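Asks: If you want the building blocks of each chain, they are given just below.
There are 2 protein chains.
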Amino acid sequence: MKRPNLHPLDIKNGKVDLTHGSGGRSMAQLIDDMFRKAFDNDLLNAGNDQACFEAPKGRMVMTTDGFVISPLFFPGGNIGSLAVHGTVNDVAMGGAKPLYLSSSFILEEGFPLADLQKIVQSMAEAASEAGVSIVTGDTKVVEKGKGDGIFITTTGIGVVPDGVAPSGEKARPGDKILINGTLGDHGVAIMSKRENLDFETEILSDSAALNHLVEKMIAVVPEMKVLRDPTRGGLATVLNEVAMQSDVGIKVYEDAIPLRPEVKGACELLGLDPLYVANEGKLIAICAPEDAEKLLEAMKSDPLGKEASIIGEVLEDDHNFVQMETSFGGGRVIDWLAGEQLPRIC
Amino acid sequence: MKRPNLHPLDIKNGKVDLTHGSGGRSMAQLIDDMFRKAFDNDLLNAGNDQACFEAPKGRMVMTTDGFVISPLFFPGGNIGSLAVHGTVNDVAMGGAKPLYLSSSFILEEGFPLADLQKIVQSMAEAASEAGVSIVTGDTKVVEKGKGDGIFITTTGIGVVPDGVAPSGEKARPGDKILINGTLGDHGVAIMSKRENLDFETEILSDSAALNHLVEKMIAVVPEMKVLRDPTRGGLATVLNEVAMQSDVGIKVYEDAIPLRPEVKGACELLGLDPLYVANEGKLIAICAPEDAEKLLEAMKSDPLGKEASIIGEVLEDDHNFVQMETSFGGGRVIDWLAGEQLPRIC
Chain G
0 MKRPNLHPLD IKNGKVDLTH GSGGRSMAQL IDDMFRKAFD NDLLNAGNDQ
50 ACFEAPKGRM VMTTDGFVIS PLFFPGGNIG SLAVHGTVND VAMGGAKPLY
100 LSSSFILEEG FPLADLQKIV QSMAEAASEA GVSIVTGDTK VVEKGKGDGI
150 FITTTGIGVV PDGVAPSGEK ARPGDKILIN GTLGDHGVAI MSKRENLDFE
200 TEILSDSAAL NHLVEKMIAV VPEMKVLRDP TRGGLATVLN EVAMQSDVGI
250 KVYEDAIPLR PEVKGACELL GLDPLYVANE GKLIAICAPE DAEKLLEAMK
300 SDPLGKEASI IGEVLEDDHN FVQMETSFGG GRVIDWLAGE QLPRIC
Chain F
0 MKRPNLHPLD IKNGKVDLTH GSGGRSMAQL IDDMFRKAFD NDLLNAGNDQ
50 ACFEAPKGRM VMTTDGFVIS PLFFPGGNIG SLAVHGTVND VAMGGAKPLY
100 LSSSFILEEG FPLADLQKIV QSMAEAASEA GVSIVTGDTK VVEKGKGDGI
150 FITTTGIGVV PDGVAPSGEK ARPGDKILIN GTLGDHGVAI MSKRENLDFE
200 TEILSDSAAL NHLVEKMIAV VPEMKVLRDP TRGGLATVLN EVAMQSDVGI
250 KVYEDAIPLR PEVKGACELL GLDPLYVANE GKLIAICAPE DAEKLLEAMK
300 SDPLGKEASI IGEVLEDDHN FVQMETSFGG GRVIDWLAGE QLPRIC
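Heads up: the protein sequence lines correspond to chains G and F, in order.
345 is the number that numbering that gives the first Met the number 0 gives the last residue of the first sequence; the numbers go up by one with no jumps.
345 is the number that numbering that gives the first Met the number 0 gives the last residue of the second sequence; the numbers go up by one with no jumps.
To be clear, the hints were calculated from the coordinates, so they are not data collected in a lab.
Treat the hints with care, since some could be wrong.
Note that identical chains are pooled: a pair holds if it fits in a single copy or bridges any two copies.
[Said to hold, decoys possible] Calculated pairs, SDA-like style, for lysine to any residue (alpha carbon to alpha carbon, straight line, at most 20 Å):
no.	residue 1	residue 2
1	117	306
2	145	194
3	263	325
4	11	269
5	169	128
6	143	71
7	169	44
8	263	181
9	11	326
Please read these numbers as outputs of a predicted model, since none were measured by experiment.
Could you build the full structure based on these sequences and the hints that come with them?
Replies: Here it is in structure tokens:
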């Protein structure tokens with residue numbers, strides 16, 4: 000396609016202005032010089048307002064997520080990689096292979112084009128690693144003071160293999176609960192950056208695309224009951240949701256939950272409970288007891304599942320309580336998050 | 000599904016706070032009491048982070064759009080109905096029948112729940128009229144001063160009938176260009192509200208879902224070449240995009256372009272050119288010359304096409320100019336919109 004004739008974008012020193020969202024020549028230039036160059040694929044390059052593709056046979060999933068994180072750049076990623084990982088993961092939690100993403104940008108006037116470029120590059124890299132294409136998008140600009148730099152909404156679709164249908168209401172008493180690694184890394188990475196804390200060991204966000212791990216898990220346990228990623232609200236929230244959806248109780252063992260010592264320390268310092276802190280590269284899986292060991296093995300064979308662990312089990316309980324057996328042998332109820340622990344963590 | 004036990008939402012007097020985006024109990028309540036009640040459908044009610052459905056056979060389209068309009072409520076609609084219409088229309092412009100929408104909300108702390116309720120109700124009504132379901136969503140809340148009330152990103156998918164494949168690069172010299180009605184109504188409705196202007200006749204936005212009209216058009220001319228909705232940047236921008244994508248020139252006849260006298264008057268008063276003003280219930284269609292009359296007839300048979308008109312034709316032109324033959328028989332080039340005429344019109 001030919002392009003409208005304009006001076007090249009000044010990515011180094013330029014800033015987003017209202018014309019970049021106007022639908023006119025400047026917007027076409029921003030799309031061509033930044034988004035199309037980074038996301039380069041035939042569906043996007045067709046330049047229509049919608050991407051058109053051959054639908055795969057079978058069941059599909061669709062999911063959407065808005066990202067309003069602050070700060071935009073954090074140890075281990077930025078809002079761009081996060082926006083891709085988050086939506087890829089929500090597709091994968093449906094047991095599906097992610098295919099295509101859309102991306103909608105809401106930019107604040109004055110936002111540096113250099114920062115936008117970094118974010119867009121990270122999106123492109125994250126998409127490429129996950130094996131998905133960003134095939135359609137939208138750009139809007141709001142006046143200075145009416146946004147916060149950049150918000151990104153990504154939507155994803157994927158195709159579900161035959162016979163696979165994980166869903167939150169499928170947990171049954173006796174089922175085992177597994178996690179693929181340590182809790183709280185993302186939330187603590189963001190909070191340490193936000194509070195300007197320096198720890199001896201830098202804590203990196205766990206932000207990552209989990210679809211390749213899920214593929215391995217599904218291969219050995221296609222009758223997976225529940226897959227869920229504990230993002231906002233953390234493990235506690237996800238377990239409470241599942242307990243309610245499946246009308247069961249849940250018990251987890253404190254000692255079995257992987258936690259980095261430095262994250263534990265930071266949580267104590269910041270007054271956070273790691274059970275409620277957001278993760279962006281973690282999943283919980285619930286499966287029949289006889290499948291638990293082979294599932295654990297499959298998870299450990301993936302780089303993102305090396306620290307996988309069986310952390311608990313499903314119980315019969317009309318109150319749908321989530322309980323934790325503590326290191327000292329006691330028990331406590333892990334309640335829903337009532338207030339707001341960490342605003343704008345994802 | 001059971002619901003967490005909380006006091007009912009105070010929709011009449013309550014306001015959005017940060018807990019509504021936290022992933023915890025308050026968010027679950029907002030989703031249950033407001034979004035699920037309004038959008039009520041089995042896919043959404045499953046309560047998972049993704050909707051799962053049987054994929055239709057054949058080609059599909061995917062499209063996304065962020066809505067950052069100001070003011071949120073305007074004559075003829077609000078940001079909610081607009082967010083549904085806009086995305087339904089982008090699906091329909093791919094020649095597709097829209098199936099499912101996702102909806103991502105970015106709310107500003109302090110936003111009245113009563114306004115949110117009105118917006119969500121309008122979304123539900125617009126979706127129902129268009130025959131689509133809102134099957135998955137996301138809610139984020141940003142601190143007061145970091146957003147502007149509410150931003151909505153909707154993403155849509157649809158299925159394309161066999162043999163139908165409109166695309167911006169298919170216009171050929173000799174093809175005819177049609178429009179389904181009057182230009183500029185949406186932009187002028189917004190601007191008059193924004194500037195507190197009172198006209199003798201209230202100008203309503205044309206915001207509407209065009210998918211039923213498109214279905215009728217496709218039925219008589221399945222080999223439709225181009226379908227495009229002139230939203231941001233107006234008719235001028237869409238014609239320039241198509242001229243560039245198809246590597247052709249375009250000529251339109253000023254006298255053939257439908258325009259309400261009151262919109263013409265308001266544009267003169269506001270210093271706007273109706274060719275560049277946003278529409279939200281209009282489409283242009285480009286078809287082979289021998290198909291133009293039957294297409295026009297099909298358009299006129301739909302309530303949203305009563306004022307349809309053949310407004311121009313495609314020419315051979317290496318410069319890809321869009322020209323207008325004026326009422327006085329003269330000509331002028333309709334250039335790309337260079338600056339920003341109307342920020343946040345959609």
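Asks: All hints are to be evaluated individually against the structure, with a verdict given for each.
Replies: These are the hints, each one checked on the structure:
1. 117 to 306: neither (31 Å within a copy, 47 Å between copies)
2. 145 to 194: Between copies only: 19 Å across, 24 Å inside.
3. 263 to 325: Answer is within; shortest intra-copy Cα gap is 15 Å, inter-copy 73 Å.
4. 11 to 269: neither (37 Å within a copy, 36 Å between copies)
5. 169 to 128: neither (31 Å within a copy, 34 Å between copies)
6. 143 to 71: Intra 17 Å, inter 18 Å, cutoff 20 Å: intra and inter.
7. 169 to 44: between (41 Å within a copy, 15 Å between copies)
8. 263 to 181: Classified as within; 10 Å inside a copy, 63 Å across copies.
9. 11 to 326: neither (53 Å within a copy, 46 Å between copies)
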